[in-house]
Amino acid sequence: MTELRQRLYRQRVSLFWWLSKPTYLLFVVRELTSVAVVWFVVYLLLLVRAVGAGPESYQDFLDWSARPWMVAVNAVALALAVFHTVTWFLVTPQAMVLKVRGRRIPGAALAGALYAMWFLVSAVILWLL
Amino acid sequence: MAEITLRVSRYQPETDTAPTFQEYAVPLREDWAILDALNYIKDELDPTLSYRWSCRMGICGSCGMTVNGEPKLSCGTFLVDHAPGPILVEPLRNFPVIRDLVIEMTDFMHKLGAVQPWIIRDETEDDPSSELLQTPSQLDDYKQYSMCINCMLCYSACPVYGLDSAFIGPAAIALAQRYNLDSRDEGAAERLDVLSDDEGVWGCTFVGECTRACPKGVDPAGAIQRAKLVAANEAMKAFLLPKWAR
Chain A
1 MTELRQRLYR QRVSLFWWLS KPTYLLFVVR ELTSVAVVWF VVYLLLLVRA VGAGPESYQD
61 FLDWSARPWM VAVNAVALAL AVFHTVTWFL VTPQAMVLKV RGRRIPGAAL AGALYAMWFL
121 VSAVILWLL
Chain B
1 MAEITLRVSR YQPETDTAPT FQEYAVPLRE DWAILDALNY IKDELDPTLS YRWSCRMGIC
61 GSCGMTVNGE PKLSCGTFLV DHAPGPILVE PLRNFPVIRD LVIEMTDFMH KLGAVQPWII
121 RDETEDDPSS ELLQTPSQLD DYKQYSMCIN CMLCYSACPV YGLDSAFIGP AAIALAQRYN
181 LDSRDEGAAE RLDVLSDDEG VWGCTFVGEC TRACPKGVDP AGAIQRAKLV AANEAMKAFL
241 LPKWAR
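Going line by line, the protein sequences match chains A and B.
Start counting the first sequence at 1; every next residue gets the next number (full-length UniProt numbering).
Start counting the second sequence at 1; every next residue gets the next number (full-length UniProt numbering).
The shape of chain B in the complex, shown without the other chains (with noise of 0.2 Å):
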């Protein structure tokens, strides 16, 4: 069987100061995708590489890596459209490594809590009997934002977060607006206060990366422009208007 070489990121926190690579040949099977062929070099080649994934069926997320200079999941990622190689594979941009391909994930998990991605509401209004019911349209409001899977590839693709890592980044401003735009949630004014900081939505200019490198269509570049939009009306608002106007 013919065959492709794995460039893979090597780092070995005891031991190395920097990552190196390290070549691996792989069977270049029709039906592998970058993940197999990490699980091949893990079983058969070389039981000491590190990397995270679990599904293996893009929807946990968990498979995210650099391969040819692109943030990908390896799970949907085939060694076929990369051949015939070598295929580099890295870590995650923009986050640290913690060995191999496993980057350091407490910042994103810190500012996804942030922006409280839940329903917000005073239920203390609310018939426990009754259902909230939603039309399609409202539906259709915010569905699109609700397909992120926390994978960290819009973060590994904007060069903001890069150089400047208090930035909120795409995906928790996306999934900031999954619940601003849910016609259940009344929490938009408590999420504002981190949204409209300077670290917030404030922060992105547009380079629209995020968007790009979205394996779930999600949008973020839209979701927070449309973000900027409320910001700057309620900035507005509040300058303007008397406190009972608002």
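Chain A extracted, bound-state conformation (with noise of 0.2 Å):
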């Protein structure tokens, strides 16, 4: 047995793996848009410490803000989060099983709820601006 152990052809994975198929490379910018996410989370604390620090330092982030490669980075930002939302949409209904009087809701409808939950909240914030 050790004998046939040591004549098995061990196969690797290429450190390239993701690009061998376009659902993997799928699935690496997915993750790798949660960068994206994390950038906003940061950007959102960086406002609050500037509204914290009184009328002067809110508008300095305004001003920084305004700058063409902040606009630039936060539209780019903006895609890579939408490209986020919209990839774990699309597999949320295969992680959610809800039933309703015994029968599993569909998942275009569970996603469809997520879309609409999505735009109701933004209506929301819009509204509020």
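Since the hints were derived computationally from the structure, they do not count as laboratory data.
All of these numbers come straight from a predicted model, not from anything done at the bench.
Keep in mind that a hint or two might mislead.
Stated by the list, open to error - FRET-style restraints, in silico, Cβ to Cβ:
id : chain 1 : residue 1 : chain 2 : residue 2 : range
1  : A       : E31       : B       : D46       : 38 to 48 Å
2  : B       : L139      : A       : F83       : 36 to 46 Å
3  : B       : L139      : A       : G52       : 55 to 65 Å
4  : B       : Y40       : A       : L8        : 24 to 34 Å
5  : A       : V76       : B       : L132      : 55 to 65 Å
6  : B       : D43       : A       : R103      : 49 to 59 Å
7  : A       : G52       : B       : D122      : 51 to 61 Å
All C-beta atoms, glycine included, are put in the ideal place defined by N, C-alpha and C.
Since each chain comes alone in its own frame, lean on the hints to assemble the complex.
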């Protein structure tokens, strides 16, 4: 048995395995776009700190945010965060099994509810602004 | 009759240090699957070719191979769908190769046993003359996961298992869920020890490729995410609630 084990050929996973299939690549991109979500959390914390430090620092924060490169960073981060959200909404029905009167709610209805909540929350925030 | 070329991975442990490819021309028959072509090669062209198969009807789960880079049951993958060829036939990925297309599956067998894929219950309170009845809705809860044929295509598709073979893997978790969700079973707590381990459900990063590879529509990726939810709930309960309230 030991002798047989030594003669097994062990297949290695390539360092670039994530380029071998479109679905693998989509997964890696989805994972990487979480960095954009982290960025927005950091940005929000910076905003809160600036507001807490008084009107002057809030104005500085607004000036800093209006710089072209900051607008570009935020635009790219928004696109990545939207991609992150949409790809997670695509797979959420797989993980969430809800039953109503003994019947499973179809995935499309579940994803639809998530999108509806997303747009509702966005609308409320826009109204507050 | 038209022919198609199969480029088959060959590995002879007596003489080879790494696999090589060998080409075979086989008749391109409309009703032939890859497995029929391999049987033709074995019978007519080269009796030294080794591979596993049994039922040739997608039930036994023995004939899994990598066909043109994708994990497939070779009995359910047709030559005409890959014409004009050549068709690349390799052993399942992520497993050690014993010979040609035959992989070593002991690791999977241990993992399968670890999740206790059978009904666990305290039978001392059961009335032996009565049956354990189940409603259609209760059957629906786990039926999808019970379709697993242990073909290991999901392990072959899973990059997590490829990179870290300690991960318990898609089929074992799907089968654990098959019994956890069965109304007759009482073994969920016993299985949770294995599932909530670092190498259990938390190893999964939800690539989802196991579900795409599954020839029986089991959806192991879904099963794993559901198991994560249960494991997280139980961990929170253990942390927050006193023992008697859990």
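Now the hints, each set against the structure:
1. E31/A - D46/B: 38 to 48 Å: For E31/A and D46/B the Cβ distance comes to about 44 Å; the hint holds.
2. L139/B - F83/A: 36 to 46 Å: About 39 Å separates the Cβ atoms of L139/B and F83/A, which means 36 to 46 Å holds.
3. L139/B - G52/A: 55 to 65 Å: About 57 Å separates the Cβ atoms of L139/B and G52/A, which means 55 to 65 Å holds.
4. Y40/B - L8/A: 24 to 34 Å: Because 28 Å falls inside the window, the suggested range holds.
5. V76/A - L132/B: 55 to 65 Å: Because 57 Å falls inside the window, the suggested range holds.
6. D43/B - R103/A: 49 to 59 Å: Check passed, 51 Å falls within 49 to 59 Å.
7. G52/A - D122/B: 51 to 61 Å: 59 Å, holds
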